[in-house]
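Asks: Single-letter residue listing:
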Amino acid sequence: MQTKNIIEIASCVFKYPQSQRIILDINPFHVRSGGHLFLHGKSGSGKTTFLNILCGITEPLQSNIKILETDFSNLTPSQKDRFRADNYGTIFQQFNLLPYLSVKENIALSCGFSKQKTYHVSDMEEEIERLMSALDLASSLLNKQAMHLSVGEQQRVAVARALIGAPKIIIADEPTSALDSDAKESFMKLLFAQIEAQGSTLLFVSHDKELSSYFETDYDFSKFNKALS
Amino acid sequence: MKTLWLLTSKSITNRRMAFTLSIISIVISVVLLLGIDRITKAAKNHFLNTINQTDLIAAAPEGSLDILLNLIFHMGDPLKEVDYSSYQTISKMDKVAWAVPLSVGDSFKSYDAVSTTNDYFKYYRYASAKVLEFSQGGDFKDFYDVVVGSEVAKKLHLTLHEIIHLSHSSGESAHTHANRDFHICGILKSTGTPNDTSVFFQLKADEAIHLEWQSGHFVDMHISSEQLAKMNIQPKHISGILIGLKNRSNILNIADKLEHFKGENLKAVIPAKALSKLYVLLKNMQEILTLISSIVFVAAIFGMIATMLATLNDRRREIAILRTLGATVKSIFTLFALEAFIIVASGILLGNVLLTLLLILNNLVFYTTVQISYFPDIYELSLLFIMLISAIIVSVIPALKSYKNSLQDGLMVKI
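As you go down the protein sequences, you meet chains A and B in turn.
Mapping to this note's numbering: the first sequence position 62 is 62, numbers consecutive.
Mapping to this note's numbering: the second sequence position 106 is 106, numbers consecutive.
Incorrect hints may have been included.
Straight line, CA to CA, 25 Å or less: simulated PhoX-like cross-link-like pairs of lysine-lysine [stated by the list, open to error]:
| id | chain 1 | residue 1 | chain 2 | residue 2 |
| --- | --- | --- | --- | --- |
| 1 | A | K115 | A | K66 |
| 2 | A | K42 | A | K209 |
| 3 | A | K168 | A | K189 |
| 4 | B | K141 | B | K10 |
| 5 | B | K404 | A | K15 |
| 6 | B | K154 | B | K189 |
| 7 | A | K184 | A | K144 |
| 8 | A | K144 | B | K204 |
| 9 | A | K168 | A | K184 |
| 10 | A | K144 | B | K10 |
| 11 | B | K257 | B | K95 |
| 12 | B | K130 | B | K41 |
| 13 | B | K401 | A | K15 |
| 14 | B | K2 | A | K115 |
| 15 | A | K115 | B | K10 |
| 16 | B | K330 | B | K10 |
| 17 | B | K204 | B | K236 |
| 18 | B | K122 | B | K189 |
| 19 | A | K115 | B | K330 |
| 20 | B | K154 | B | K109 |
| 21 | A | K209 | A | K223 |
Not close to chain B: a few residues of chain A, all C-beta gaps over 10 Å, as computed [unchecked claim]:
| id | residue |
| --- | --- |
| 22 | L51 |
| 23 | E69 |
| 24 | L75 |
| 25 | A85 |
| 26 | L97 |
| 27 | R130 |
| 28 | R161 |
| 29 | Y219 |
| 30 | A227 |
In short, the hints are calculated from the structure, not lab data.
We put the CB at the ideal spot given by N, CA and C, even for glycine.
All chains should be modelled from the sequences, with the hints used to inform the complete structure.
Replies: Now the structure itself:
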């Protein structure tokens with residue numbers, strides 16, 4: 001079976017509206033389906049801006065991006081919102097969850113904005129419980145408000161939310177930086193196990209080079225971004 | 001939409017302090033806006049419904065509003081007196097169907113005592129031509145009979161045949177005619193007019209009990225009530241005359257005749273015209289009060305928006321998370337509109353409940369003849385609807401600000 005390219009970037013240029021300086025000019029690259037890509041780089045190298053563009057929240061100055069065989073660059077902002085809802089699962093450094101919702105509501109929220117994700121989940125309760133146990137989360141946490149969870153628990157709930165509805169692309173932005181080294185290791189193992197089980201493609205951004213051992217492909221974002229060199 | 005409802009309700013619960021304060025300010029403005037509308041409308045109805053089918057009122061020359069207020073509403077400064085003979089002449093005029101003499105100025109406790117004849121109960125009409133009815137007893141039979149209004153009876157727990165004592169004049173200068181027993185012969189049904197707060201007795205009895213009043217002082221003439229009744233005393237002065245015509249088209253003609261009345265200076269007031277003057281006054285007052293309460297409402301809405309804007313910074317992360325999960329611009333605007341809707345709708349609901357409770361309480365504590373409606377009418381409902389819509393429209397302001405923040409923040413809020 002030929003592996004398709006999930007993300008194909010021919011060009012992507014960004015500058016802030018008021019500024020003259022181009023801060024992002026990405027070298028052409030692609031991510032294959034099911035691939036795990038590790039982007040590392042110093043803070044300020046434009047990693048987060050790049051992710052914002054890939055998610056369709058930030059508009060680039062010029063771009064030619066194909067995602068899931070869709071001409072992503074030419075989508076309208078609201079089409080991008082829908083695209084993101086349907087195809088992405090996202091995990092951040094911290095504060096991933098709405099503090100006033102329960103764990104269960106936080107996980108299900110992802111499906112609340114996407115019919116496609118909802119379609120992939122036949123039984124919401126069951127799927128949430130399955131993901132919780134796969135991610136080593138006690139089922140007693142289900143109805144607990146997110147604000148009462150430890151940081152490690154919160155990050156794993158964020159993974160569950162990113163995974164539910166089996167989105168094709170998982171984007172992780174420094175998801176381990178708030179975790180200590182033991183928690184980091186178990187987090188990475190759980191994340192990989194679930195992503196592989198689901199066959200999702202992972203785009204993982206971090207400044208922490210140690211994590212590169214988990215990945216088959218590893219890019220230095222500073223070299224990747226022509227604007228910095 | 002289900003997701004947005006869940007988010008709004010939980011998010012609001014999370015910010016319940018600011019949320020409650022916003023609702024309270026809406027409740028206050030709703031109570032004020034509807035309360036003022038309710039009360040001014042009730043007052044307007046009360047005034048406009050008080051007298052009907054009386055074509056003319058004749059009294060000593062004064063402003064037409066003064067005459068109306070004094071004779072019908074028992075308010076304001078006393079009028080100059082009219083000769084009883086004028087009443088006798090007018091009642092015999094060709095085109096006059098009926099005439100009722102009235103004398104106001106005396107009192108019973110804090111209520112007005114009006115002396116008249118049985119014709120008053122026969123010809124007085126209020127609202128849409130309603131007749132005065134008795135809940136108990138009937139009109140005057142004996143010399144010292146008195147008919148009491150519904151509120152007087154209710155407030156003072158008066159019953160039929162009970163003895164009461166009227167007072168000369170009213171207010172602080174009132175002096176009770178303690179030696180003259182009046183018997184309650186009838187109690188009127190409630191009408192929502194000043195009749196409810198009045199007692200009525202016969203003109204001749206009025207004249208008789210004032211025999212002992214000379215130059216404003218009581219002089220005991222040692223005449224028994226029975227003797228006094230038999231003295232065939234004729235009234236000399238009255239305050240005014242209510243007149244009904246055989247043909248209403250003669251109103252101007254008769255009014256002119258009365259104003260050039262032989263023997264005495266009279267003023268003829270057309271009640272409908274005087275009431276419309278009153279109506280204009282009330283309408284102006286209502287408009288000013290409505291304007292004030294509308295301003296209070298606008299202030300409450302801006303207060304709500306200010307609160308929403310103030311909590312926006314705390315919600316940046318929340319909105320960023322939702323945007324990441326795929327919440328569209330439309331969803332964000334809907335979230336704010338829902339929040340504004342919930343705040344204003346609860347404010348309206350609670351405001352209405354509070355107003356009704358206040359009005360019920362008011363009715364329990366201060367019995368009043370003014371009938372205030374407990375429920376909003378079509379005008380008020382449309383006002384509330386406009387409130388709701390305008391609140392949803394102005395919720396665009398914080399939504400827009402929040403959306404701009406989310407564009408700036410991207411996926412990760414760095415605060």
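Asks: What hint numbers does the structure not satisfy?
Replies: 4, 8, 22, 25, 26 and 28
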